[in-house]
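Colleague: The primary structure of each chain is shown beneath.
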Amino acid sequence: MTGFISLFQAAVVFGTVIMFGAVGEIITEKSGNLNLGVPGIMYLGGIASLAGSFMYENYTENPSTFICVVIALVCAFVAAALGGLIYSFLTITLRANQNVTGLTLTIFGSGVANFFGGSLNKLAGGVGQISVAATSSGFRAGLPLLSRIEGPIGKLFFNYGWLVYVAIVIAILAQWYLNRTRTGLNLRAVGENPATADAAGINVTAYKYFATCIGAGISGLGGMFYVMDYTKGTWANDGTIENLGWLAVALVIFTTWRPKNAIWGAYLFGILYWAYFYIAGLTRSSQEIFKMLPYVVTIIVLIMISLRKKRENQPPEALGLAYFREDR
Amino acid sequence: MENNVAVRMQHITKAFGTKVVANKDVTLEIEKGEILALLGENGSGKTTLMNMLSGIYHPDSGEIFVDGKEVHIESPKDAYALGIGMIHQHFKLVDVFTATENVALGMDKSKAKNRNAIAKGIKEICDRYGFSVSTDRKVYNMSVSQKQTLEIVKTLYRGANILILDEPTAVLTPQETDKLFDVLRNMKADGKSIIIITHKLHEVLAISDRVSILRKGEFIGTVPTKEATVQSLTEMMVGQKVVLDIERPLIENKKKRLVVSHLSCLNKYGVRSLDDVSFDAYGGEILGVAGISGSGQKALLESIAGLQEAQDGSSVKFIDPKTGEESELVGKNVLQIKQMGVALSFVPEDRLGMGLVGSMGMTDNMMLKSYQKGVVFADRKTPKNLANQVKDELEVVTPSIQTPVRKLSGGNVQKVLVGREIAAEPSVLMAAYAVRGLDINTSYTIYRLLNEQKKKGVAVIYVGEDLDVLLALCDRIAVLCAGRLNGIVDARTTTKEEVGILMTNLRKEGE
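Chains as they are written, first to last, in my numbering: chain U, 1 to 328; chain Y, 1001 to 1511.
These aren't lab readings, by the way, just hints derived from the structure by calculation.
Predicted model, so just to flag it, every value in this text is computed and none were measured.
Please note that a few of the clues may not be correct.
As the list claims (entries may be wrong) - Quick list of in silico lysine-lysine cross-link-like pairs, BS3-like style, CA-CA up to 27 Å:
#	chain 1	residue 1	chain 2	residue 2
1	Y	Lys-1147	Y	Lys-1496
2	U	Lys-310	Y	Lys-1268
3	Y	Lys-1317	U	Lys-260
4	Y	Lys-1255	Y	Lys-1188
5	Y	Lys-1407	Y	Lys-1496
6	Y	Lys-1268	Y	Lys-1317
7	U	Lys-310	U	Lys-260
8	Y	Lys-1216	Y	Lys-1268
9	Y	Lys-1268	U	Lys-309
10	U	Lys-155	U	Lys-232
11	Y	Lys-1496	Y	Lys-1216
12	Y	Lys-1254	Y	Lys-1268
13	Y	Lys-1147	Y	Lys-1200
14	Y	Lys-1024	Y	Lys-1077
15	U	Lys-309	Y	Lys-1147
16	Y	Lys-1268	Y	Lys-1024
17	Y	Lys-1226	U	Lys-310
18	Y	Lys-1254	Y	Lys-1200
19	U	Lys-310	Y	Lys-1077
20	Y	Lys-1032	Y	Lys-1226
21	U	Lys-309	Y	Lys-1138
To be verified - Residues from chain U shown here face chain Y by an in silico Cβ test under 8 Å; the list is partial:
#	residue
22	Glu-150
23	Leu-185
24	Glu-288
What the hints assert, rightly or not - Sample of chain U residues lacking proximity to chain Y, with all beta carbon distances greater than 12 Å (derived):
#	residue
25	Thr-2
26	Phe-4
27	Ala-10
28	Ala-11
29	Thr-65
30	Leu-103
31	Tyr-209
32	Gly-239
33	Arg-284
Note that CB positions come from ideal geometry on N, CA and C, so glycine has one too.
Model the full assembly from the supplied sequences, consistent with the hints where possible.
Modeller: In structure tokens form, the structure reads like this:
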């Protein structure tokens, strides 16, 4: 039982990182933009939140936890949204190839983040020295009252930092937005068939920009959650964020572009990813095979989708294509 | 300005790039409560002109007046605000949305309503003009005619008083066309202005009040339909006298070339797109294939050409005209079939989808058929000569044979495609929708080419949409309905009605 509880807990924390990443990417992809820069964007969100709160904590006598949290949130969201803006400008305005742009954004994001991560460590006094204890504790604070629940229920469901619940709320809101609101309908139309949306009087460019930047901002919160909660306010140049970013992209496919599926899908990915830790008798090398379970599951989902041939489960029809009104 | 003029377009000029002038100083008027036909050859700028009215393009110069006031239409939204709605040739519908969702798209906040209210509004429009739309059906489950109906309803729902229909009958059966025309007449009686872009002359005469004619981007004139005849309109459209009869030579002692028996195919969703089809095709004959679009035409041609896998039990026997040898085509690959002389010239809906590579020039596209020749290096000289020959003989309008074919107008692309297939000297030539979207002159060039092939003893299989043409051009017509062969009729003795009924009513087994 304790084994399962700790696996579940690890899965939830792990899953929250990719849930942010995937929900943001779903919103982006619903506009027809296939942003493969998710890992880079999560890097940008992570490093910006760390840099912001580090500056504040270091140069203030008694840092207020609340301000720490706000600074980290704003820095992460804005930096990630800027990444989305770069992507939007290149692919929407200049109509650059989306795949190439996304991949280079990943390289760019990880480069920027690791450069500043190293610098911050140096500022703090050496490798692995950086720590934003106040901010991290602010993020790891649980829900009021509920976090005091004892026993397995409390441990399974209420023993996490509040961002875990925010991620679920964002996923539900995204689901509701896409399917129940008029602008959500318009956004989906843009991703399915931009010419149709255009002829219906929808501003295709504006929708694509907004969806990509907001989506990137949400993905960036995943990077922040990783830095603040998962690694407790430290920085390591070990490329974990990039791995998580690709898992988020895989999760988007796994959910068949439905944010609500990202909630359980993310935790399932977490369980699959950490399963090796709880299986007895694995060597270091056989562990690695188990770590790829989330990808295997994604491939199985892809196969099932293409066998079932249901139109609703397909990616947005114009995904990956640039739109130009006067194209002939 | 008079009160009953709904729209006036004045001195409109629009160019694409520096070379192509799509519209030159065009002036056009549409009155309230009339149906205006906009007639012109392919590439004469009909659609471009209307796209400027619907906000897709902007004119380089000229003015547009709506209800006597000058307006600037910057986007489709502006057009809707002025009550102008366009039904495009390629429907502007989102496949995975329901009918209601498609209607709800892009509506202003002020008009925003919940889905039930929109569905109710759709029903009211349907009752008023005599449509039927199932509001909860997804677009991908709809037939072409249902999609078109939805497009019209959508436009009306958004308050359009001026409707532009771009080639609305191109994909409809005769019966569906009649139904559409009834609805258009209802709308006209209701005071709406309707512009219908078309090149089918008998439809112009049947439905319109006045006809405006464009030729090569220039405005030729507007005439009341009552005073027009097929001959007079054609001359205005083409600028010269045209012989309108399609030639149909009778070839004696035709030889069996292709024996198709029990041919069945599955589509990508695992449904039978072609079901147990059997027929013979003869050299020296044009066999027409009629049917509502999506009745299995594509599967039929592609499975003969080896592009689609046929189900077990299917057989296509090819009889070599020289040796008389029989060979089975099912199971052979595309290349082997092609080398035996079975050519497929399929013009899909997007024209460039099959057969031609849009970003390549004419030469390179000719080469696609001959790249296997030559040992290491490809031979470029022969295809270049061929490209020049096709360009001259079929009067392809292109700046040079190196210009990417995607920059050519639809008719010219089709000429390149058909020209290349014919140049390969096939013994079976399959052409689908070879004149889709083409003007009279180009269409007749294509008919002439097909007849030349027929006279040479080639077995021509022609999949067409226009029943008038099928009846005039073909020797026999095979009618497909829902993937089954619903009958083969003699084109010389049958009637349009007989073929129309075969297209829509599947006969029961054993009848």
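Colleague: If you test the structure against every hint from before, which numbers come out violated?
Modeller: Going through the list in order, the structure violates hints 3, 4, 5, 8, 11, 12, 16, 17, 18, 19, 22, 24 and respects the others.
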